[in-house]
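Letter by letter, the chains look like this.
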Amino acid sequence: MPETTPIIGLEVHVELTTDSKMFCACSADHFGKEPNSQTCPVCLGLPGALPVPNQKAIEATLKLGLALNCCVNLQSHFDRKQYFYPDLPKGYQISQYQHPFCSEGQIILDSGKIIRVERVHLEEDTGKLQHTVESGKKISLIDFNRSGVPLVEIVSYPDIESAAEAKEYLKKIHQIIRAVGVSTADMEKGQMRLEPTVNVQINDETGSHFTPLVEIKNINSFNFAATAIDYEISRQVEQFSKDKKEKTASNKQTRGFDNNRKTTFVQRQKEEAKDYRYFPEPDIPPFVFEVSLIASIKACLPELPENKIQSLVSLGVESKYAKILYTDKSVTDILYHFAKNMPDVNIGKLASFIANKKIRVEGDVYIQYQALTRQRINDQSELEKFIDTVISDNHRAVTDYQNGKTNALGFLIGQVIKVSQCQADPQTVSRLLLEKLGLGQ
Amino acid sequence: MTKNKTISQITTELACKKYSVTELIKEYLDRIKSENPKLNAFITITEKEALQEAQEADKTLSQNPNIFLEKPLLGVPLAHKDLFLTKNIKTTAGSRLLENYLPQYSATVVKKLSKAGAISLGKLNCDAWAHGASGENSDFGPTINPADPTRVSGGSSSGSAAAVAADLVTFATGTDTGGSTRQPACFCGVIGLKPTYGRVSRSGIVAMASSLDSIGHLTQNVYDSALVLETTAGPDPYDATSSNLKVEEYTKLLKKPVEKLKIGIIKEYQDGLTDHDVAGSFALAKSTLEKMNCQIKEISLPHTKYSVATYYIIMPAEVSSNLARYDGLRYGHTRDLFGDEAKRRIMIGTYTLSSGYYDAYYLRAMKVRQLIKADFSQAFADVDIILSPVAPTPAFKLGEKTNDPLSMYLSDIYTVTANLAGIPGIAIPTGKNSSNLPLGVQFLANHFQEAKLFNLAYQFEQHLHA
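From first to last, the protein sequence lines are chains A and B.
For what it's worth, this note's numbering labels the leading residue of the first sequence as 1, then goes sequentially.
For what it's worth, this note's numbering labels the leading residue of the second sequence as 1, then goes sequentially.
Hints were generated in silico from the structure; no laboratory data involved.
One or more of the hints may lead you astray.
To be verified - In silico DSS-like pairs for lysine-lysine, Cα to Cα no more than 25 Å straight-line:
(1) A:Lys-81 - B:Lys-343
(2) B:Lys-3 - A:Lys-81
(3) A:Lys-274 - B:Lys-343
(4) B:Lys-3 - B:Lys-90
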């Protein structure tokens, strides 16, 4: 059996949640809007229209880059990426090529494995084609509402070796994007789009071989990405066993993902490396960032998921619970509060109760915690004393119960527990109370 | 009544009610009707709109005689190079590809001039997409030089130069990517300004080569040129390359003494002055400056010999990109309506930007461009203004260079350097040759030194006419 190692890189596109588009004042919130209702000369690429960069989008990109442990490049600029497509009104996309805003970051998986981030750059989204039938004729329509929406591209190095690693990497990126607050990254609205590039290293008796690269386009769910990657790995291994074809500079293939069949299919065979004829965008002056600006952005970054989880763990929360609980601020506030002010509370236990929904954080957490942790009073004679007190003090509830209002029982149980200062075991109380009331008849 | 009036004459006479704006505009429109068929300076004449604006201007003027403080160009007839977008008025860029294009918005400069009260009489002919040095690349026929019907008006702002020279308008807008306002101004005998890159907004003007395009104008005299720039210059939120630097009151600085100014003449240009007329015009300019007690100093621009080569790599690269939006899906026409010159530039630009060639061509050209810029900053450490020819010859014959693109490109030799360096320049007439063809020179100044440029050009003009 040959030994196989998948080689996977990920490109992630994220639409930034800014008020206006990347290069004009049109609204960037395009989802579900009437087609072409949010356009202007700039995002329609009309003659004479010039792009003016959105400062907020640039800052958001720097924030995200820093959160992904990247370096901000002190000098960078936009480039024109030139290709023809009907949804690209200028004939080029304003993007970044050799000098992205951020580069060389990393994400650490739970196993400790590092996935390197090659670059984080900013570009503009394209319009959207809609293929439809009008009066029996097949036509294509273009909606430019999305044209010019700020889009960040996060490119990893091909350090990922399995679908599971890919999924974990994507989840972590997703958490960071939302934690930093630069995008709602709603997968269903296409705000985060995934493009894995996959091939496989196969070592057999003849040596080391690399299967041709495959780029899988526009996936919008982590599970789909994992399924597509798994399919692609086995397809490539099988294909290689048949044709022994190896990766060359010119045989990269673009494939789509069919979720119904859980397979990928050929979209385009790249005959040669596509030539986008990049050159620096002359309409936008280059950027020079001050070190102080970067420092202040860094200082203002919110606490990132990884750090939040770590600090919960340091309070004594088990890591599996920390990963569930860190996103809920009301929960973490409680945990920090108890850790600071209630030395008698075991934070690990408290966290596990909350995670397992034994404690409702809306109620009095301390009472619930005590109820769950205190030694229960099961001694019958002691409990009967409490019950007798409650019965003699609550004639009306007793009468109600005896007249058939069964929910009065709950009230009485509660009273007994209260009188016992939450030390009575509710089940025993219930049994004894029923006996007393029933026998009394 | 109004022949060859300058802006300040017109506004003065309108203010003292010598004639009404409507009378003035009618006279210009009449002149256009009689002269334009000979010159082909206009692609579109907007008579109806102009007369309506004139009536409104008359009304404004009758209500507020001090309106000129607010609208310094009130009632002044102008026309725009057909590269300037005019809302709901056909804008062709000189190309059949846009022959029916009605823009949804107006260029910033168009809006500013209109707000200042100037009245547009129409859209002026130009080489298609501003590609050319003769006006002959226009898909709407060449513009004829008012001084000689057998000669070109220069280009690409061909209609602008001819219209101002023939007094079909008092001033006209132009663009200058490699000399396109200065060279036709020189060929037709009017003032052509190329401001500093970024001084005037490019928004709403069909782009030729974005890093070189400079938005200028053509006028009857230097004062008008300064006056118009006071209106058109300034930052624009729609152009990220427009400068925030304060716009000076150029017209108030024209009379500053110039005696001590140091004028540079470029050593490397001296051998190339083979044309008798051009050499004569240059010598006249030099002696005039000496009479003005300016100090003439020879300077060296060692990399200037690479200017044309550098320009003809950077410019087509940007052209190929900027013309991609006319993709055959929009604007009603397909790309085969591009003329030979546009196709030539698209092919050259596509080639030089291709992977494997980018480093050798575009990147290298950008490096040489830096050297050319550095040459100029060094020169301007020594001198205030540079004196230079505008074109190697006076206006040439129609058809003389149409089959020889390279010799056409070489007519840009003295103008492209200013675009590569991004510095301002002004072309100014010096007189006429024995065949009555206009001659001229240009002054160049350092970035954003338009005040100094106008100051010298104004006094030079006074001395020549003294």
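Verification of the supplied hints:
| no. | hint | verdict |
| --- | --- | --- |
| 1 | A:Lys-81 - B:Lys-343 | holds (20 Å) |
| 2 | B:Lys-3 - A:Lys-81 | violated (51 Å) |
| 3 | A:Lys-274 - B:Lys-343 | holds (22 Å) |
| 4 | B:Lys-3 - B:Lys-90 | violated (28 Å) |
Of the numbered hints stated above, those contradicted by the structure are hints 2, 4, listed in ascending order.
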